[in-house]
Amino acid sequence: DAEITQSPRHKITETGRQVTLACHQTWNHNNMFWYRQDLGHGLRLIHYSYGVQDTNKGEVSDGYSVSRSNTEDLPLTLESAASSQTSVYFCASSESSGGATDTQYFGPGTRLTVL
Amino acid sequence: KQEVTQIPAALSVPEGENLVLNCSFTDSAIYNLQWFRQDPGKGLTSLLLIQSSQREQTSGRLNASLDKSSGRSTLYIAASQPGDSATYLCAVKKENYGGATNKLIFGTGTLLAVQP
Chain A
1 DAEITQSPRH KITETGRQVT LACHQTWNHN NMFWYRQDLG HGLRLIHYSY GVQDTNKGEV
61 SDGYSVSRSN TEDLPLTLES AASSQTSVYF CASSESSGGA TDTQYFGPGT RLTVL
Chain B
1 KQEVTQIPAA LSVPEGENLV LNCSFTDSAI YNLQWFRQDP GKGLTSLLLI QSSQREQTSG
61 RLNASLDKSS GRSTLYIAAS QPGDSATYLC AVKKENYGGA TNKLIFGTGT LLAVQP
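The listed protein sequences derive, respectively, from chains A and B.
Quick note: the first sequence, position 39, residue 39 per the working numbering, numbers continuous.
Quick note: the second sequence, position 68, residue 68 per the working numbering, numbers continuous.
I should point out that these hints are in silico values taken from the structure, not numbers from a laboratory.
Treat the hints loosely; a few may be bogus.
Said to hold, decoys possible - Using 30 Å as the maximum straight-line C-alpha spacing, the simulated DSBU-like pairs for lysine-lysine come out as follows: (1) Lys11(A) - Lys103(B); (2) Lys57(A) - Lys94(B); (3) Lys1(B) - Lys94(B); (4) Lys57(A) - Lys68(B); (5) Lys94(B) - Lys68(B).
To be verified - Using C-beta positions, here's what the derived DEER-type ranges look like: (6) Glu95(A) - Gly60(B): 23 to 31 Å; (7) Pro8(A) - Thr5(B): 43 to 51 Å; (8) Glu56(B) - Ser69(A): 40 to 48 Å; (9) Gly16(A) - Glu56(B): 29 to 37 Å; (10) Leu19(B) - His10(A): 43 to 51 Å; (11) Gly40(A) - Gly83(B): 34 to 42 Å.
What the hints assert, rightly or not - Selected chain A positions facing chain B (in silico; Cβ < 8 Å): (12) Ala2; (13) Thr5; (14) Pro8; (15) Trp27; (16) Leu43; (17) Thr101; (18) Phe106; (19) Gly109.
Beta carbons: idealized from backbone N, C-alpha and C, even for Gly.
Using the sequences plus the hints, can you model the full thing?
Printed below as a string of structure tokens:
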């Protein structure tokens, strides 16, 4: 069955370190998204991609970057981790370009703690 | 700027009760609205999707309604069960120049506990 996976599931790091969170989907979806979820804020969009070599900034992109070299993967990099980036990170993918019925499929999340 | 609000933030009900979760949004220019379920430590699972031209969608014991003009949606859960305990989030897909974007805007969720 097609799926979307994230690794690691839990990560503890120190302030200032570079961290990369992996996201891999086997749906062959063109669209991929990264969100962070914080208490009181719901899910907020960090970056998204509509295809290989395409990346776009979302609502809370400062301090994060992504690159899309193939259809299956969209890694999220924290260039210099800050305590404010302690959060749960979700990756999602969807098939079409803004169709009325397409939905996003979510990974299980990565819990990141920055000390 | 589109804002999505969910009330209540938390709800506890006895098993068997019918319940309603509320979602409101500030900009009626939406393409669709979705309800998701999130179990602790897990990702989100889509429950129901209502297109902007639709009034409601049903799946089993779940019924979601949409009133675009008033900026409201409700998720009705009939005969609640302990297995329904989870966080329920609504999300709207923005309309952009007559089409749609791919971006979802989420509410903060309602944490539901169904007591056996």
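Here's how the hints hold up against the structure:
1. Lys11(A) - Lys103(B): With Cα atoms ~27 Å apart, Lys11(A) and Lys103(B) stay inside 30 Å; holds.
2. Lys57(A) - Lys94(B): 16 Å, holds
3. Lys1(B) - Lys94(B): The given pair, whose Cα atoms are some 10 Å apart, holds under the 30 Å limit.
4. Lys57(A) - Lys68(B): Cα-Cα ~28 Å, so holds.
5. Lys94(B) - Lys68(B): 12 Å, holds
6. Glu95(A) - Gly60(B): 23 to 31 Å: Holds: the Cβ-Cβ distance is about 24 Å, inside 23 to 31 Å.
7. Pro8(A) - Thr5(B): 43 to 51 Å: With Cβ atoms ~33 Å apart, the hint is violated.
8. Glu56(B) - Ser69(A): 40 to 48 Å: The hint (40 to 48 Å, Cβ to Cβ) holds, given that Glu56(B) and Ser69(A) are roughly 42 Å apart.
9. Gly16(A) - Glu56(B): 29 to 37 Å: 51 Å, violated
10. Leu19(B) - His10(A): 43 to 51 Å: At roughly 33 Å between Cβ atoms, His10(A) and Leu19(B) fall outside 43 to 51 Å, so the hint is violated.
11. Gly40(A) - Gly83(B): 34 to 42 Å: 27 Å, violated
12. Ala2: Result: violated, 14 Å to nearest chain B Cβ.
13. Thr5: With Cβ-Cβ at 10 Å, over 8 Å, it is violated.
14. Pro8: This hint is violated: Pro8(A) lies away from chain B, its Cβ roughly 14 Å from the closest one there, beyond 8 Å.
15. Trp27: Cβ of Trp27(A) sits 14 Å from chain B, so the hint is violated.
16. Leu43: It holds, given that the least Cβ distance between Leu43(A) and chain B is near 4 Å, below 8 Å.
17. Thr101: The hint holds - Thr101(A) has a Cβ within 8 Å of chain B, the shortest such distance being about 6 Å.
18. Phe106: 4 Å, holds
19. Gly109: 6 Å, holds
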